[in-house]
Structures are given as C-alpha cells and as structure tokens.
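Residue numbers (this note's numbering), protein chains in the order written: chain A, 2 to 343; chain L, 2 to 343; chain Y, 2 to 343; chain P, 2 to 343.
What the hints contain is simulated information worked out from the structure, not anything from laboratory work.
Certain hints may be false.
Since the list gives no way to pick out one identical chain from another, each pair is judged satisfied if it fits inside one copy or across any two copies.
30 angstroms max Cα-Cα, derived DSS-like pairs, lysine-lysine [unchecked claim]:
hint : residue 1 : residue 2
1    : K140      : K105
2    : K94       : K31
3    : K31       : K187
4 protein chains.
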Amino acid sequence: MIKVGIVGGTGYTGVELLRLLARHPGAELKAITSRKEAGMPVAEMFPNLRGRVSLAFSTPEEAGLDQCDVVFFATPNGVAMQQTRALLDAGVKVIDLAADFRIKDVKVWEQWYKMEHACPDLVAQAVYGLPEINRDQIKGASLIANPGCYPTAVQLGFLPLLEAGVIDTGFLVADAKSGVSGAGRKPETHILFAEASDNFRAYAVSGHRHWPEIKQGLENFAGKPVDFTFVPHLLPLIRGIHATLYAKISADIDLQSLFEKRYANEAFVDVLPAGSHPETRSVRGANVCRIAVHRPQGSDTVVVLSVIDNLVKGAAGQAVQNMNILFGLDEDLGLADVGLLP
Amino acid sequence: MIKVGIVGGTGYTGVELLRLLARHPGAELKAITSRKEAGMPVAEMFPNLRGRVSLAFSTPEEAGLDQCDVVFFATPNGVAMQQTRALLDAGVKVIDLAADFRIKDVKVWEQWYKMEHACPDLVAQAVYGLPEINRDQIKGASLIANPGCYPTAVQLGFLPLLEAGVIDTGFLVADAKSGVSGAGRKPETHILFAEASDNFRAYAVSGHRHWPEIKQGLENFAGKPVDFTFVPHLLPLIRGIHATLYAKISADIDLQSLFEKRYANEAFVDVLPAGSHPETRSVRGANVCRIAVHRPQGSDTVVVLSVIDNLVKGAAGQAVQNMNILFGLDEDLGLADVGLLP
Amino acid sequence: MIKVGIVGGTGYTGVELLRLLARHPGAELKAITSRKEAGMPVAEMFPNLRGRVSLAFSTPEEAGLDQCDVVFFATPNGVAMQQTRALLDAGVKVIDLAADFRIKDVKVWEQWYKMEHACPDLVAQAVYGLPEINRDQIKGASLIANPGCYPTAVQLGFLPLLEAGVIDTGFLVADAKSGVSGAGRKPETHILFAEASDNFRAYAVSGHRHWPEIKQGLENFAGKPVDFTFVPHLLPLIRGIHATLYAKISADIDLQSLFEKRYANEAFVDVLPAGSHPETRSVRGANVCRIAVHRPQGSDTVVVLSVIDNLVKGAAGQAVQNMNILFGLDEDLGLADVGLLP
Amino acid sequence: MIKVGIVGGTGYTGVELLRLLARHPGAELKAITSRKEAGMPVAEMFPNLRGRVSLAFSTPEEAGLDQCDVVFFATPNGVAMQQTRALLDAGVKVIDLAADFRIKDVKVWEQWYKMEHACPDLVAQAVYGLPEINRDQIKGASLIANPGCYPTAVQLGFLPLLEAGVIDTGFLVADAKSGVSGAGRKPETHILFAEASDNFRAYAVSGHRHWPEIKQGLENFAGKPVDFTFVPHLLPLIRGIHATLYAKISADIDLQSLFEKRYANEAFVDVLPAGSHPETRSVRGANVCRIAVHRPQGSDTVVVLSVIDNLVKGAAGQAVQNMNILFGLDEDLGLADVGLLP
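Take the sequences, apply the hints, and build the full model.
Next up, the structure:
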C-alpha cells in the first residue's frame with residue numbers, strides 16, 4: 002500500500018482527494034494537515050466522509066509526512082515550494098496541485114503569481130503532470146506539477162490540432178467556463194450563492210494566471226509561438242469546466258478521425274461521435290475529459306468542445322492518475338467512478 | 002455473478018441502477034428493456050455511462066428476462082404487476098422500484114393509484130424492502146416492494162420514536178422536501194428548469210400517494226393507528242430529500258441515545274451527533290440516510306431531520322441493497338460510494 | 002417629496018431599498034452612508050442601479066441625515082439603537098430594518114441578541130411595523146421596528162386563525178424555508194455558492210432569533226401564551242420565504258372564508274383560491290404575501306402556506322409601505338412591481 | 002391610450018409582455034388570445050399577475066384584434082405571417098416577436114425555418130426592430146420584426162466595430178450563452194430542471210437559426226460579407242444572455258471611446274467603464290444591454306462582452322420599446338424597471 006499524506010485538506014481539492022483516496026485499493030491515507038483545524042476529524046468538516054474516513058487533521062509537525070511515499074499539496078500557491086525540497090530529500094514523491102511548479106520560465110511565473118520563487122532548480126526538475134503528453138516522464142519523476150483545471154481542458158482540446166499542424170497558430174481562442182468550486186472554498190463576496198447563482202459573467206479578461214500555463218503548453222505542442230486569447234467565465238454550477246475552442250483550419254483533414262486516433266489509447270479522454278455536444282454533468286465526479294470537434298457550416302473554422310470536472314480530471318483525479326503512474330499501478334486504479342447524472 | 006435484468010431503463014431510477022450495477026463486483030448486467038428505444042446503446046441516452054456500460058436497450062421479447070436471476074422494474078406504476086407472476090414462475094426474483102406492491106390494503110392502493118390491481122395475491126406475498134425493518138423477511142423473499150423515496154426518509158426518522166412508544170401518535174407531522182429528480186424524467190411544464198429553478202412551493206397538500214404508504218409503516222411501528230399529516234414540497238435541486246418531522250414527546254427519555262442504539266448496527270443509517278443539521282449534499286450519490294434529533298428550547302416537541310438521496314437510498318441504492326440481501330452478499334457490496342461534496 | 006436617508010447601504014436590504022426608492026414618485030434619495038465605501042457611487046457596487054441612482058456612499062458625518070424626513074437603517078443589529086435618539090430629537094422619522102426595536106421585552110432581546118440595549122425607553126415607544134396589524138399606530142409613529150422576514154410570513158399565516166380562536170395554541174409548528182439572500186451579503190463559508198447550491202438543510206433548530214419575535218406576535222393575536230416550534234431551513238434560491246404552518250383545529254369553521262375576510266382590504270396580502278399552492282417566484286421582487294389554507298384529507302389539521310420575497314414584503318418593501326403610511330401617502334405608492342416570473 | 006392585443010400569451014415572451022404592459026401608462030391591454038386556454042384568467046396561469054392583470058385568454062375570433070392599435074405576436078414561428086396582412090389591412094400595427102419577418106432573403110428564411118413563407122412581400126416591407134440601428138424607419142413602420150435574443154446581444158456588441166471598419170471581417174466569433182427561458186415553455190426533456198440544472202453544454206454548433214439573422218445584420222453594418230462563427234450554449238439560469246465576441250483589430254483606435262460615442266444617446270445600451278465585466282443579473286428584468294470592450298494583454302484581439310435579459314431587451318422589452326417609437330411616445334415609457342439584484 003502506498004502511504005499517502007495530504008498537506009492542506011480544508012479546500013475542495015483536499016476533500017476531493019479524500020473522497021477518491023478513501024476507496025483507492027492501493028493507497029493508504031496516513032496524514033492530512035491543517036494547522037488551523039488540527040485535531041478535528043475531517044468528517045466533521047466534510048460530512049460526506051462520515052463512516053469512510055476516520056482521519057483527523059494534524060499539524061505539519063505531527064503528521065510524519067517524511068514517512069509517506071507520496072505527499073499531495075492541496076494548498077494555496079506558494080506553499081509547496083517551501084516544503085518540497087525536504088520531502089524530496091527524504092525520498093518522498095511530491096504531487097503539487099497548486100501552481101508552484103507548472104511554469105518553466107520562472108520569471109513569467111513570478112510576474113503572474115506576484116512572489117519570488119523559492120526553488121527555481123526544482124521547477125526545472127518538475128514534470129508537468131498531463132499524462133496524455135508526458136506519461137513517460139511522469140513514470141520516472143519525483144516531483145509532479147499537476148496541471149490547472151482550465152489548462153487541462155484547453156490543452157487536451159487543442160493538442161491534436163497543434164501536434165498535426167493543421168490550424169493557424171495566429172489566432173487561437175479559448176472561451177472557457179468554470180463552475181464556482183474552481184474559485185475555492187475561501188469566503189469571498191463574489192462567490193456567495195446570492196451573487197453567483199442565477200448569474201453569469203466573464204472575469205479576468207485582461208489576464209488570468211492560467212493563460213501563461215496554457216500558452217506554454219500550446220507552444221510546446223506547436224513547436225512555435227502561438228497567439229492565444231483566453232477568456233474565463235464563472236458558471237452558476239458547482240463542478241464542471243466547458244472550454245469552447247476556436248481556430249482557423251490551415252490544412253484539409255478529417256478532424257474527427259484526427260481526434261479519435263490521437264486519443265485511441267487514452268482511458269481518460271473520450272472523443273464523442275461527430276456532431277455531439279458534451280455536457281459538464283456527463284463527467285460530474287468522474288476522471289474524464291470528453292471532447293467533440295465541429296466544423297460549422299463547412300467553413301474553415303474548427304470548434305472544439307471540451308469538458309471536465311474541474312475537481313477531478315482538473316485537479317484531484319488527475320493527481321491520483323499521476324500517483325498511479327508514478328508507482329507503477331494501473332493508471333485507472335481507484336478512478337472508475339461513473340459520472341453522477343442527473 | 003448475479004444475472005441482472007432491468008425493465009424500463011430510460012428514467013432516472015433506471016440510469017441510477019446502471020451507474021451502481023456497472024461497478025457492482027457481484028452482478029452482471031444482462032438486459033435493459035425499452036420498447037421505444039430498442040437498439041440504442043444506453044450510453045447514447047446517458048453519456049455518463051460511456052465507456053462503462055456497453056449494453057443497448059432491447060425489446061422485452063428479446064431481453065431474455067426469464068434467464069436472469071433478478072429483474073428490477075424501474076417502470077411507471079402499474080407495469081410490474083402485469084409481468085411479475087411470469088418472472089416469479091420462472092424462478093426469477095423481482096424487485097419493483099414502483100409502487101405496485103407497497104401497500105398491503107389493495108383497496109387503498111386502488112383508490113390512490115386509480116387502477117385495478119392485477120395480482121392482489123402477490124401483494125400479500127411481497128416483502129416491503131426497508132432492510133432496517135424487514136431484513137429477515139427480505140432474505141427469504143422472491144418479490145420485493147422497494148419503498149418510495151419520501152417513505153424511506155420519513156419512516157426511518159419516526160421509527161425509533163414509535164417503536165419506543167415515546168411520542169403522542171395523535172399529531173405526527175412530516176414536512177418533506179424533494180429535489181426535482183423525484184418527479185421523474187417525463188417532460189412536463191411544472192418541472193422545466195425555468196419553472197422549478199429559483200422557486201419553491203408545496204404540492205399535493207390535499208393528498209399524496211406516499212401518504213398511505215408512510216401511514217401504513219408508521220402504524221406498523223406504533224402498533225396502532227396514527228394521525229399523520231404529510232406535506233411534500235419541490236426543492237430547486239436535483240437530488241435529495243429532507244424530511245423535517247414533528248411530534249409531541251409523551252415520555253421523558255434520552256432521544257439521542259434512543260436513535261444511536263436503534264441504528265447502531267445499520268450500515269446505511271447514520272445518526273449525527275447531538276445538535277447537528279444534516280445536509281442533502283452529504284448523501285449525494287451515496288446509499289445512506291443521515292438523521293439528527295432535536296428538542297428545541299427544552300420544549301416537549303421532538304424535531305427529527307432526515308436526509309437521503311432520493312435516487313439512491315430512496316430508490317436504486319436501496320434496491321441494490323435489497324438484491325445483496327436476497328442473494329446473501331455483503332449488504333454494502335457495490336454501495337461504497339462516498340457522497341459527492343461539493 | 003419626502004427626503005430619504007439610508008444608513009448602511011452595502012447589504013441586500015440596502016440595494017433593495019435603492020431599487021424601490023429610485024422609482025418612488027413621492028420620495029427623494031438624499032444620502033446613503035457607508036463609512037467603508039465613502040465616495041464610491043452605489044451603482045459601482047450594484048451595477049443594476051447604473052443610470053438609475055447617481056448617489057455615492059457618504060460618511061455618516063457628511064450625510065446630513067438630520068435634514069432628512071425619514072431615515073432607514075439597513076444595518077447590522079445594534080447600530081440603529083445607537084443613532085436613533087438623535088434623529089428623533091431632530092424630528093426625523095426612523096424605520097429600522099434590523100431587530101433593535103422589535104421585541105418589547107428588553108431582557109428577552111438582550112438574551113437573544115447578546116448585547117445590552119442602548120435605549121429601552123425607545124423600544125417601548127417603537128411601533129412594530131406590520132401594517133396588517135398595526136396600521137393605525139404606524140400612522141402616528143415616529144419610530145418603526147420593521148418586522149423580520151420569517152416573522153412577516155409566519156405571523157400573516159397564523160393571524161386569522163389565532164384572532165378567531167379556532168386552533169389549539171398548544172402545538173403550533175412553523176416549518177420555514179428561506180432563500181440565501183436572507184443570510185446577508187457578508188462573506189461566510191456556509192453561504193458560498195459551492196456550499197449552498199444543490200443543497201438543503203435546516204439550521205438553528207435549537208433556537209433562532211426570529212422565534213421570540215414571532216412568539217410575541219402570536220401571543221398578541223391569541224391573547225394568551227402559545228407553544229410554538231420554529232424550524233428554519235436554507236433554500237438553494239436567492240429570494241423567497243415559504244412558511245408551512247401546522248396546527249390542530251379546535252372549532253369547525255370555513256377556513257377559506259376566514260382568511261378571505263380577514264385580508265379582504267389588504268392590498269399586500271393575497272389569499273389564493275382553495276386548493277392552491279403559492280410559489281415563491283410569484284412574489285419575486287413584489288411586495289406581497291400570498292397565502293393558501295388547507296385541511297388535508299378532512300382531518301382536524303390546518304396547513305397554511307405563506308410566501309413572501311424576503312427582501313421586499315420581508316424587508317425593504319414593507320419598510321417603504323411603512324413610510325407611505327407614516328407620511329399619509331397611498332400605501333401602495335412605488336410598490337406596484339409585478340413579480341418577475343419566470 | 003394605445004389599445005393592445007397579444008396573440009399567443011401562454012409562453013414566456015407573452016407573460017413578460019403582460020408584466021411590462023400591465024404598468025405601462027400609455028397602453029391598455031384589450032385582448033390576449035389562446036385558443037387552448039380560452040376563458041382562463043391569465044393570472045391563473047401566471048400567478049405573479051394576480052391583482053395586476055384581470056384579463057382572461059380569449060379565442061382569436063372573440064378577441065377583436067382588428068379593433069386594437071397594435072398587436073404583438075408572441076407565437077411560434079410561422080403564425081404571424083398567416084395573420085398579419087388582415088391586421089395591417091385593418092389599420093393595426095403589428096410587432097412580431099417571432100422570426101417570420103426578420104430575414105430579408107426569403108429563400109434563406111425558408112431553408113432555416115423549414116417552411117414556405119406565406120407573404121414574402123410583407124417581409125420586404127417589415128422593419129427590423131433594432132432601434133439602435135433603425136429608429137427612423139421604425140417611426141414610420143406598420144410592421145416590425147422584433148429581433149431575436151442572441152441577435153440583439155451580438156449585433157449591439159459588434160456594431161461599433163463594424164461601422165467603424167476597425168476589425169478584420171474574415172474571422173468573427175460569437176460565443177453566446179443563454180438562460181433556459183430562451184428555449185421557451187414547451188415541455189421538452191432537455192430543458193427539465195434535472196437535465197439543465199448544474200449542467201452546461203453547447204448546442205446547435207452545426208447551425209442555429211439566429212446565425213443567418215445575425216450575419217445579415219453584421220454584413221449590413223460592415224457593408225460587405227463577413228465570416229461569422231456562432232456557438233450558442235445553454236446556461237443553468239433562467240434569464241440572461243452573455244455574448245463573448247472575438248475579432249482581430251485592423252486599425253489602431255481607442256476602443257472604449259468608440260463604444261462610448263456610438264451609444265452616447267442610447268438609453269438602453271450601457272457601455273461600462275474600461276476593464277469591466279458585465280453580469281447577466283445586472284439586467285435581470287430590465288430593458289438594457291450592458292457592454293464592455295477589452296483588448297487582452299495588449300494583443301490585437303478585441304473581446305466584447307455583451308449582456309441582456311433575453312426576455313426583455315431580447316424580446317418583450319424591445320417590443321414595447323418599438324411600440325413606444327411607433328406611437329411617438331417617450332422611448333422609455335413603461336421601461337424604467339431597475340434590474341433585480343440579487
């Protein structure tokens with residue numbers, strides 16, 4: 002059994018890790034830390050875990066994280082980079098669900114995250130944990146930068162097109178919509194029920210931290226710079242991201258076949274039949290990205306629709322998928338939940 | 002492996018049975034019938050099942066239901082009673098998720114369901130599938146009447162009080178609230194999103210079909226007639242029932258302890274600590290009833306709060322629980338899902 | 002034109018007052034105070050007001066409240082009692098939308114609101130602003146205690162029954178459900194969208210501050226003590242209260258006729274036809290309480306269904322109604338909004 | 002007083018017309034037709050209208066529509082074109098809220114609406130009722146084609162850019178999201194609460210009927226053909242459209258100033274300050290389009306955010322605005338509702 006520690010378990014990615022790991026047949030929850038809530042059973046904060054998780058929050062000092070095989074960071078940005086080196090030195094593998102190790106250009110990271118990076122050398126060593134791209138590097142890694150939620154949905158949608166070089170990289174648009182759980186569990190006015198319900202709006206049009214992360218990925222796929230516009234929106238639903246992607250086609254190929262071939266061996270990417278419209282609820286609670294590709298009215302525009310559950314394939318589920326790969330388990334172990342519909 | 006057939010799989014209890022049985026380690030889905038949708042893969046209608054259920058709908062004639070070990074009816078009221086005798090004669094066990102076999106007094110049933118009963122003798126033979134009451138009878142049964150959703154939440158809430166004889170049976174009130182999935186998947190105006198969202202109302206105050214079913218249960222628990230008022234309401238959420246129960250206390254006892262003892266050995270009834278307020282989301286997708294008991298301001302009124310997921314402990318999950326008991330499996334096999342929160 | 006000041010305009014009752022007063026033909030908005038937001042145009046905080054309200058928040062010192070004819074307090078509990086005497090002394094009428102002057106027994110108030118009252122003599126002088134009961138006293142008053150939201154819905158529902166003396170006062174139950182705006186606009190975890198959406202639960206079963214307020218009213222109507230149980234619940238919708246009331250009938254009378262007669266001359270109480278179920282959306286944005294009365298299955302239990310918009314008839318609308326009465330205007334001036342449906 | 006008739010009042014645009022016209026000081030509701038519901042008071046179907054609208058549905062024969070000054074058609078597509086000529090001949094002005102007269106190229110209309118047009122000559126005569134473009138023609142018209150909801154939001158967002166000729170017309174993208182009321186009040190499975198709530202998806206990517214309507218408008222503004230991609234999505238909220246528009250800038254100008262100048266004299270188009278993100282709730286129930294314009298990260302991409310209430314500025318409100326213009330009333334008469342927030 003893999004001994005698992007979680008740092009920072011009071012947010013939504015934390016409780017989602019607990020939900021998934023509680024039933025994972027190859028993992029054993031050893032510790033979950035929260036300095037503020039030390040001593041409180043996690044099932045008291047998250048009553049869905051009653052009877053399934055008996056662990057209580059502990060202080061980092063008592064948690065014995067260096068005795069774990071793997072530690073997940075479900076913390077705010079900037080925390081993991083302070084603690085990762087000691088864990089790696091102790092032989093513990095680290096999977097960071099925050100952004101500390103996602104962007105290779107440390108200067109860009111510091112500009113967007115408004116802080117100095119504590120360990121630029123570890124950034125270089127970290128593997129970006131998108132298995133559909135980096136499965137082989139993940140296998141041998143000790144530090145995984147788990148991708149952001151928007152970046153997962155957007156990159157998986159553009160990947161086949163950019164790898165095949167069949168779209169114009171001069172005007173890529175991602176119109177992305179996220180459920181409110183993506184904003185976290187901190188009490189803030191704009192995500193109150195009475196503000197976010199029965200309402201819809203864009204945000205951060207002038208610049209969102211996931212923009213440089215996605216851009217880095219798209220440029221890797223394309224092998225050259227891309228002009229990429231990203232507009233996130235806040236959806237009045239709890240879980241789910243829907244990315245609608247637009248590009249100009251530069252080569253005449255069978256798009257449906259391109260996508261189906263690219264993802265033929267991917268257990269967690271589902272290419273829908275031609276003409277489909279994926280729904281966010283079809284992946285609610287499930288570790289899967291469903292994708293449809295369209296070419297409206299025979300124009301030279303391609304429209305890709307990509308949905309994930311932001312807390313699963315966009316966070317905790319992908320982190321468990323990375324853990325499975327890191328430790329040589331079946332990649333889908335503990336990840337067989339069927340989406341909750343309705 | 003238990004060979005399972007489902008009659009009527011195009012509604013919400015049908016898709017929920019599929020979600021649960023798809024991963025059940027002791028059951029094998031053999032057939033699901035829908036005359037109207039025969040030939041269509043179920044995963045085309047319910048995209049959450051893509052990659053998990055490969056079955057297509059078949060006509061009743063082709064389905065080979067008499068080759069199954071158990072058949073679930075997820076049909077409108079009045080269907081199961083037409084087909085059950087033939088299945089029982091073929092040695093197939095039957096679990097009816099509709100109301101055909103729930104009410105022992107056939108005259109009462111016919112009055113509330115506005116049709117003549119096709120097989121009153123089978124009503125007498127059927128076991129009411131509330132395992133917390135009838136576990137032993139279920140073990141040896143061949144025909145199970147799976148309880149209604151409201152009746153499950155309300156009966157489990159009143160059960161300890163009535164068995165112990167500590168409340169006045171002259172004025173029992175159940176103020177019950179259900180998510181919209183409880184109304185089924187038929188297109189009707191009043192359950193359209195634009196009608197039911199951001200809205201709340203009572204319905205059927207003059208009489209709801211679950212009233213006689215609950216009354217029958219409460220009178221069995223009490224061993225005498227009860228005066229029972231039931232007011233259902235439509236909640237703007239998908240899954241979940243919250244029953245708020247009111248009664249006058251007639252004996253001075255420790256209510257918290259009464260509930261904890263009654264359900265100490267029940268895997269699927271969770272008595273919360275004193276002072277708690279169960280939330281419907283804590284059981285979303287999970288086969289559990291969570292209950293809290295209160296005595297506000299030291300008065301002689303007891304208030305019980307009882308929540309379930311109407312599609313799981315209130316329908317498909319309880320049906321699978323009954324199947325497990327019927328076939329001597331562990332009662333919680335395939336029912337270990339943790340509630341989806343948030 | 003009545004010169005109007007508002008103290009504390011950054012919450013939901015504040016913006017609702019602005020929405021109603023912006024179009025009130027007999028009132029003129031002179032000042033709205035917020036020390037924290039002084040200088041910011043209110044339409045910047047509440048974009049629905051763009052083009053309709055040009056006022057900016059001002060500090061209390063600059064606001065010139067003593068030059069107003071009436072000042073509304075849309076503040077947390079405990080603020081109005083500090084400032085009311087000075088305003089009354091300056092000849093300004095005061096309408097407090099918080100709880101400072103609602104409960105006549107100051108000891109009870111202090112116990113539930115956990116603070117010492119600053120001006121018990123003004124409590125005695127204040128008129129409880131439920132026009133359907135106290136219209137005449139309101140006319141001559143200078144200080145109005147605007148009722149709470151739950152108390153408005155519950156009292157209007159029980160009023161005809163208690164005045165007529167036709168129910169047993171030994172076991173009155175109010176099962177009340179409120180939209181999330183009732184919890185205010187302060188950022189708190191439990192009212193985040195991802196916590197309160199697709200979810201339902203009771204709260205404060207052991208005791209809610211509206212319980213003594215309602216009890217005081219019911220006992221006034223009945224002319225004797227009552228045994229009253231109150232359970233509030235949080236609804237996943239923005240605006241709306243639905244109170245479901247239960248009592249035992251002690252005299253055989255025509256309930257429908259009783260309600261219709263009692264409210265025949267009330268512009269803002271609408272008794273629905275027999276057999277109806279009022280919906281919260283039917284009063285969304287409108288200053289009206291809709292009520293239906295039922296006697297299920299010919300039993301001796303009466304069930305009353307009462308709905309209001311908690312921000313309108315339950316707060317700002319009722320406050321404007323009180324202002325109209327105070328200043329001798331038509332009671333419905335500026336209150337003719339039709340409910341927003343769908 | 003303008004005598005008003007409404008044909009087809011059982012849908013959402015019908016009840017919204019009633020809500021607005023009930024309080025319009027210059028209009029008098031004379032008749033509302035529904036063959037199916039003839040005799041039923043409209044307030045029975047739509048309880049928000051209780052006490053405000055006393056009209057009952059009547060058959061078309063009894064309605065006396067030819068005695069009205071103006072008739073609104075709130076009917077399915079294809080109805081107005083059958084009845085308009087007789088009304089025009091009787092001197093009645095007609096405002097069609099459906100699509101019968103929106104598209105000038107009758108062949109294109111017939112292809113998208115799958116029926117033969119009954120009166121192509123009237124299509125030529127009809128004025129497209131977008132006052133911000135066609136105010137002068139509306140003044141003298143007798144037949145108004147009220148724009149679709151998506152077309153209103155998208156056209157007002159692109160208008161200043163195309164009129165000024167500052168964007169590349171070779172790749173215009175409108176990613177549009179609509180609340181569920183836009184799908185109407187017909188009972189259909191995909192818009193049930195349990196299907197559309199807590200869910201998000203695109204639809205009709207291969208072609209939506211509003212695409213040719215919008216394209217016609219954009220080409221008029223640009224004075225040349227445009228390449229236009231339109232992807233609609235279904236939002237889990239009742240009212241509101243958010244259109245996110247993307248284009249490449251071809252001339253270096255001050256976008257904020259361009260928009261502010263274009264709409265400086267428009268009462269119902271509100272250009273937000275630079276950097277803003279309009280919310281759908283800011284226009285809930287109000288006849289206004291709020292627009293923000295962005296140029297993310299100094300790129301040459303312009304992003305326009307445009308929100309309306311699909312039932313008001315996108316349907317009934319705009320129809321009343323057109324009525325006001327037709328009859329020489331103040332354009333904002335009866336349209337002063339402040340958006341309902343929260």
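Consistency of the hints with the structure:
no.	hint	result
1	K140 <-> K105	within (19 angstroms within a copy, 61 angstroms between copies)
2	K94 <-> K31	within (14 angstroms within a copy, 43 angstroms between copies)
3	K31 <-> K187	within (26 angstroms within a copy, 36 angstroms between copies)
When held up to the earlier numbered hints, the structure conflicts with none and fits them all.
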